[in-house]
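Each residue of the sequence shown is one higher than the last, beginning at 1072 in my numbering.
A portion of the hints provided could be inaccurate.
The calculated DSSO-like cross-link candidates involving lysine-lysine, where the alpha carbons are at most 27 Å apart (straight line), are [as the list claims (entries may be wrong)]:
1) K1179 with K1162
2) K1262 with K1705
3) K1687 with K1641
4) K1364 with K1719
5) K1236 with K1349
6) K1322 with K1705
7) K1680 with K1262
8) K1642 with K1669
9) K1719 with K1705
10) K1322 with K1687
11) K1680 with K1669
12) K1663 with K1291
13) K1370 with K1719
14) K1364 with K1342
15) K1765 with K1194
16) K1575 with K1235
17) K1711 with K1349
18) K1687 with K1636
19) K1328 with K1669
20) K1269 with K1364
21) K1663 with K1312
22) K1615 with K1636
23) K1241 with K1364
24) K1262 with K1719
25) K1711 with K1235
26) K1575 with K1427
27) K1687 with K1283
28) K1575 with K1382
29) K1687 with K1663
30) K1140 with K1805
31) K1398 with K1413
32) K1687 with K1319
33) K1246 with K1719
Please keep in mind that the hints were generated in silico from the structure rather than gathered at the bench. None of the values given here were measured: they were computed from a predicted structure.
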Amino acid sequence: MVQGRHIKSQPVGNSEKIMRTGLVGTMAAATLLSPLSAMAAETPSLQDADAAQDPAGNVNESSYTDIEKVAGVPQAQKAVDEAAERVSDAKTKLDEAKQEAAKTAKAKSDAQAAYDTAVKDQKTAEATVAKAQANVGAAEKTLDAAREAYDHANDPQVRAAAEKKVADAKTQLAKAEAALKTAQDNLTAAKQTVADAKAAVTAKQKAEQDAKNAVDAAQKKLDDLSKDGGGLTELQEAVDKAQSERDKAAKTLDEAKTAETAAANATAAAKTQADNAKQAADSAKAAADAAAKDAAAKKAAADSAQANIAKGSLGFFESRGSTQAVKVLTDASTTKYLSSIKLGVAGDATSLDNMKAALAFIRECNRLRAGEGLAPLTVNDAMMAMAQADVDWSDDNGSHANQFHVGENLAWGYEDPFDGWYTVEKENYDALKAGKPCPHLISGSCQTGHYENVVNKNYKATGFAISNNGAIGVITHGQVFNFDSGESVDSYEAAFGTYYNSLKNAASIYQTAQQEADQKAAEAQQAQAAYNTAVAAYNDANAKAAQATTARENAEQQLTVADAKLTAAKKAYEDAVAANKDKAHAIEQAQKQLDEAKAAYADAQQAVKDAQNTLKQAQAKQVAAEQQVAAARKPVDEAKTTLDAAQKALDALDPEAAAQTVKDAETQLAAAQQALDEANAKLTAAQQTATDAKTTLDTATKTDADAATVLKAAQSGYQQALAAKTKADKQLAKAKAYAAALEEARRPGSKPKPGVQGSEANKPSAQRKPSAQRKSTSLAATGAEDAAPLSVMAVMAIAGAGCVMTHRRYAKHANGWSESKR
1072 MVQGRHIKSQ
1082 PVGNSEKIMR
1092 TGLVGTMAAA
1102 TLLSPLSAMA
1112 AETPSLQDAD
1122 AAQDPAGNVN
1132 ESSYTDIEKV
1142 AGVPQAQKAV
1152 DEAAERVSDA
1162 KTKLDEAKQE
1172 AAKTAKAKSD
1182 AQAAYDTAVK
1192 DQKTAEATVA
1202 KAQANVGAAE
1212 KTLDAAREAY
1222 DHANDPQVRA
1232 AAEKKVADAK
1242 TQLAKAEAAL
1252 KTAQDNLTAA
1262 KQTVADAKAA
1272 VTAKQKAEQD
1282 AKNAVDAAQK
1292 KLDDLSKDGG
1302 GLTELQEAVD
1312 KAQSERDKAA
1322 KTLDEAKTAE
1332 TAAANATAAA
1342 KTQADNAKQA
1352 ADSAKAAADA
1362 AAKDAAAKKA
1372 AADSAQANIA
1382 KGSLGFFESR
1392 GSTQAVKVLT
1402 DASTTKYLSS
1412 IKLGVAGDAT
1422 SLDNMKAALA
1432 FIRECNRLRA
1442 GEGLAPLTVN
1452 DAMMAMAQAD
1462 VDWSDDNGSH
1472 ANQFHVGENL
1482 AWGYEDPFDG
1492 WYTVEKENYD
1502 ALKAGKPCPH
1512 LISGSCQTGH
1522 YENVVNKNYK
1532 ATGFAISNNG
1542 AIGVITHGQV
1552 FNFDSGESVD
1562 SYEAAFGTYY
1572 NSLKNAASIY
1582 QTAQQEADQK
1592 AAEAQQAQAA
1602 YNTAVAAYND
1612 ANAKAAQATT
1622 ARENAEQQLT
1632 VADAKLTAAK
1642 KAYEDAVAAN
1652 KDKAHAIEQA
1662 QKQLDEAKAA
1672 YADAQQAVKD
1682 AQNTLKQAQA
1692 KQVAAEQQVA
1702 AARKPVDEAK
1712 TTLDAAQKAL
1722 DALDPEAAAQ
1732 TVKDAETQLA
1742 AAQQALDEAN
1752 AKLTAAQQTA
1762 TDAKTTLDTA
1772 TKTDADAATV
1782 LKAAQSGYQQ
1792 ALAAKTKADK
1802 QLAKAKAYAA
1812 ALEEARRPGS
1822 KPKPGVQGSE
1832 ANKPSAQRKP
1842 SAQRKSTSLA
1852 ATGAEDAAPL
1862 SVMAVMAIAG
1872 AGCVMTHRRY
1882 AKHANGWSES
1892 KR
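Throw the hints in and build the complete structure from the sequences for me.
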């Protein structure tokens, strides 16, 4: 027996055993034809191979021919079927994975859209919150301003100052309006004078033209008589020339006189303007100095205000010269628990705010006493100081200090202590008086002592204090009583209010005063600048007036020279006339008429000039009057502006209007705060929505990524299944080809096809893969070449009949290989 070579097989199906198969060929003397014929008789058709499996999926080898079995067709067919099934399963899984991936992708897209919307809503909510916060800030500023205005409205000092400003502004306006009225009246008169002067110029110009016409007629007559007059014409021309030069000189003098007069008027007007500007500048400087002095005083008050506020009620008592009250707050021999007093500290009984609030409770006490038919209690500094000293100690210790000889009521934690002292204990008092059970037990007793202190008719004076910075942690109210006298609550509260407001409003009062000082300083600078301009204008006008005087003096000298020349020319002419009396007489008469006409014409011209000069002077006065009106109107406008501002400031001090403004501002602030709260709530909801949307998005993203992983795996599995199916199809085709070759080989005289053996049988065994899809019930793959049956057939053909094939199975165990026979 010859044992074949062992080759390690690959696993088949679910079998974990590694099988080795040995092929043993036993040679005997026989022919190959008979067994081959027997095999051929038992071989079914290859077309029935697909049905050659049992219901369990195993290969039904009985439906295959021996040749097909030898060729491995059943196993190859099974591998193809199983591969097809795996392809189908992989396709199903791939389709499911695609559907799931599409579903998760949509879920992720929806989650992303929801998250984007949530983020946008959150940003919108944040913007709304920011805007609402800004509105709250603006409302708070408005309320602060309204409260400050309310404090001013209730400050007698501030109101008195405002009323004084209004009165001063009215006085200043009246003066300015009176000055404007005078300037306007002067302007009206100046305009009428100009109109009259224009009419006079027109009339004088007509008279001048008539006189010129008369001169022309007389000149013509004289010219006619002077023809061939023996030299008289030349002499007359000389006279005329001299007369013309004299007229020009006279005209120049007239013009110089007119210019001198106009310059003098301009100088006078400029001097008036300068004088008025000087007066305005001096007044503005005086007002600026007074405002600066007032601002300095108010600054000093503002600088010391904080120090006085820090002293609390002690500063008030010192300002009134209240020696006893000062001792209560500063002298350890007077006050036992002096260390409990924290002068002026916020929350301390001596703080100005708590003292202001305490006075309101004294008013309430007197209102309750009035309901009982009792006289109101008075107030004095010493009682207020005692109440403050006691309450500061009681606020830490929760009991009476007993430092002074006074009656005392104390309360802790009440918003209004009279709810307990009066309302509750009065019910107890009335019940006990009526013999009824006590309605309100306090610490196990029916207390009425606080009520009896409030309504004690023998008490005359009281003091009240509030402290809310003690160790107990709640607000403490205290009221003391004695039989001394004091001043009315109205008087005391007014005095304290003046002191309180002077300190609390010192900064704003100073700011107002400083603003007014700055305004007055600016006005003074403007007035000084206007004065400087007016002085410069006056100096310029004065220089021009001097020039005009010099020009007039020169014109007078020129006229004197022209008069001398004219006299000489006339004498020469008269001498010539004497030599020729007859004609000369006629010429003389014509000349006389001409002279008279010229004189009349000159007078007419002078009248026109005088009228024109009068018109110019009137026009100059009108211009000056217009300037005066313009200058007078500015103070009126400024006074009106000042009065309007002062009146508005005074109107703003109306307590009722100021209180309504505070109320409106509080309402506005409450609405703004409510809007802010709502915006914050929406922002919180939007933030939570965004957080939830982000969580949902993260989950959807992970789910989508997982689905993508599954899809990728399904795609890979599907591709692998397709590859395995393709490979199985190829193996099946090869097996069928082998079977066909065997069929061909068993026929008498046939030979195996070289192509079959050459393609696979000659490959090394390591390059040929046995089928991995056979069931464990079939033989394990041996690893022999696919053409092994042909080789065996060939050996059997050579050996002859009697060759028998046997199979031996070897299994690999832990200790090596073992042999089993079938």
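Structure-based check of all given hints:
1. K1179 with K1162: holds, 25 Å
2. K1262 with K1705: The hint holds at about 21 Å.
3. K1687 with K1641: violated, 37 Å
4. K1364 with K1719: OK: K1364 and K1719 at ~24 Å, within 27 Å.
5. K1236 with K1349: holds, 25 Å
6. K1322 with K1705: Violated, at about 43 Å.
7. K1680 with K1262: holds, 20 Å
8. K1642 with K1669: The given pair, whose Cα atoms are some 18 Å apart, holds under the 27 Å limit.
9. K1719 with K1705: Holds. K1719 to K1705 sits at ~21 Å (cutoff 27 Å).
10. K1322 with K1687: holds, 17 Å
11. K1680 with K1669: holds, 16 Å
12. K1663 with K1291: Within the cut-off at roughly 13 Å; holds.
13. K1370 with K1719: With Cα atoms ~24 Å apart, K1370 and K1719 stay inside 27 Å; holds.
14. K1364 with K1342: Violated, because 32 Å separates the two Cα atoms, which is more than 27 Å.
15. K1765 with K1194: holds, 15 Å
16. K1575 with K1235: The given pair, whose Cα atoms are some 21 Å apart, holds under the 27 Å limit.
17. K1711 with K1349: holds, 22 Å
18. K1687 with K1636: It is violated: about 33 Å lies between the C-alpha atoms, which goes past 27 Å.
19. K1328 with K1669: Cα-Cα ~22 Å, so holds.
20. K1269 with K1364: violated, 55 Å
21. K1663 with K1312: holds, 16 Å
22. K1615 with K1636: violated, 32 Å
23. K1241 with K1364: holds, 23 Å
24. K1262 with K1719: Given pair K1262, K1719 is violated - Cα atoms ~39 Å apart, limit 27 Å.
25. K1711 with K1235: holds, 15 Å
26. K1575 with K1427: The hint holds at about 12 Å.
27. K1687 with K1283: Cα-Cα ~24 Å, so holds.
28. K1575 with K1382: The hint holds at about 13 Å.
29. K1687 with K1663: violated, 35 Å
30. K1140 with K1805: Given that 27 Å is the threshold and the Cα spacing comes to 13 Å, the pair holds.
31. K1398 with K1413: holds, 15 Å
32. K1687 with K1319: holds, 21 Å
33. K1246 with K1719: Distance ~21 Å between K1246 and K1719 Cα, so the pair holds.
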